[in-house]
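Q: Could you build all of it, start to finish, from the sequences and the hints given here?
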Amino acid sequence: MFSTETIYKKNPLVSWQKLDNQVLIISEDNQHAHELNEIAAFFWERLDEMPLKKIMQDLTDNYDVDDATLANDITVLVNDLKNKKLIL
Amino acid sequence: MDAKEFKIQSLIEKRKITQKYEGNPFSICYHGIDLIIQSPSEEFIKSLASHLPPSWQNKDSLGQKIIFLPPPEEATLLWEDAPSPDCEQWASEHGHMALQRDFVALIDPQNIIWVMTPLKIDDGFFNSMRWILSQRLLAQNKTVLHSSAVSVMTDGDEAYIFMGKSGAGKTTIAAMADDRLVLGDDMNILEASNHQLYIEAARLGQRIQNPKTYEKKFKVRKIFCPVQDTRNFIVPIPQHEVGLKIISSMANIFWPNQDKQVISDSLKLVEQIKKLGNFYYLHFTRSKEFWHVLD
Chain V
1 MFSTETIYKK NPLVSWQKLD NQVLIISEDN QHAHELNEIA AFFWERLDEM
51 PLKKIMQDLT DNYDVDDATL ANDITVLVND LKNKKLIL
Chain F
89 MDAKEFKIQS LIEKRKITQK YEGNPFSICY HGIDLIIQSP SEEFIKSLAS
139 HLPPSWQNKD SLGQKIIFLP PPEEATLLWE DAPSPDCEQW ASEHGHMALQ
189 RDFVALIDPQ NIIWVMTPLK IDDGFFNSMR WILSQRLLAQ NKTVLHSSAV
239 SVMTDGDEAY IFMGKSGAGK TTIAAMADDR LVLGDDMNIL EASNHQLYIE
289 AARLGQRIQN PKTYEKKFKV RKIFCPVQDT RNFIVPIPQH EVGLKIISSM
339 ANIFWPNQDK QVISDSLKLV EQIKKLGNFY YLHFTRSKEF WHVLD
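Chains as they are written, first to last, in this note's numbering: chain V, 1 to 88; chain F, 89 to 383.
No lab work stands behind these hints: they were computed from the structure.
Here the structure is a predicted model, which means the values were calculated and not measured.
You may find that some hints are simply not true.
[As the list claims (entries may be wrong)] The following residues of chain F were derived to be distant from chain V, with all beta-carbon distances above 10 Å: (1) N112; (2) P142; (3) Q152; (4) L165; (5) N199; (6) P324; (7) S336; (8) K348; (9) K356; (10) V358.
[As the list claims (entries may be wrong)] Anything over 10 Å on all C-beta distances counts as not near chain F; from chain V, calculated: (11) F2; (12) K18; (13) D20; (14) L24; (15) N37; (16) R46; (17) D58; (18) D67; (19) K84; (20) I87.
[As the list claims (entries may be wrong)] Derived list of chain F stretches under chain V, where covered just means 3 residues or more per stretch with a C-beta under 8 Å from a C-beta of chain V: (21) 156 to 163; (22) 365 to 373.
Each residue gets a CB set at the ideal place from its N, CA and C atoms; glycine is no exception.
A: Given below as structure tokens:
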């Protein structure tokens, strides 16, 4: 688990593009592509600017999702993005 | 400078001195990109002229200069030792260098492209041309798509695209086209233009080349990813997979050390293609019955 006060940053060496409601990310070495669904894309776009806590609040304000499910999904997402070195 | 850079640079310098390449520049508009091609081999230039549509040839063109030189044996050793089938490319003090399985190339500080490859209209030539053209086509909202493409009707101006990895069935589908026109069975040029996707056969090396489709752009009706199955049916590709499918079929772009601006421009094109295209999985039985389920 990690602190919800953390401000995660996008890895500046990855390339990304919004595709409708999704986000397509190309890894630093250009060898792997990752496509984020709508909620993950909402999360991605708000990185760099605000702590996790604020992003999660925005998500609950915009999507019909309960706190426990959201916390679990965000934990999985952050770990995945960190493992793939897409966020720092 | 590492040993490989030094080797490439010195081989090209040696070839520049010993080969007379200055005569008979061949000007051509290759898929919309103006090029001036030179080579010490008149036979190579003649073969090239006969391989490409006459209307592409433009004697007044001012284009990107490319000089094709024959490789000495040391050059073939360089690409035989290449660790990956992908194109290895990097910036050096002599310019931008590239090395793939059958060519080495240098874009020098005067922006002249030097390519060493066997001087035949064959894999080395096509691989080097894909390397040269793919990035330049982006400026025209075009990409080289690893795909087969077949006209919807025996005549008309619409086509289906079939994309996917090697072995997915692209060529099998093209071979079952009957009297429909096959554009390319391996490489096509996809263009996003005027709120419409267009596809044309790429003159970049493939088995099926139909003269009726040369220079003709077809409107794209649907784009399929073939999946071999026991029944014939189509299902829409989920939206969150479409971008990945497009990227995995874009030839010669997503390579290590690729310029980040090229990656960024490519992603913008992916966005346009995704917006304009209709994408489906095509489950098919390797029999011609599947043509009935496409619409």
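Q: Hints broken by the structure, by number, lowest first?
A: Violated hints (numbers, rising): 7, 8, 9, 10, 12, 13, 14, 15, 21 and 22; every other hint is consistent with the structure.
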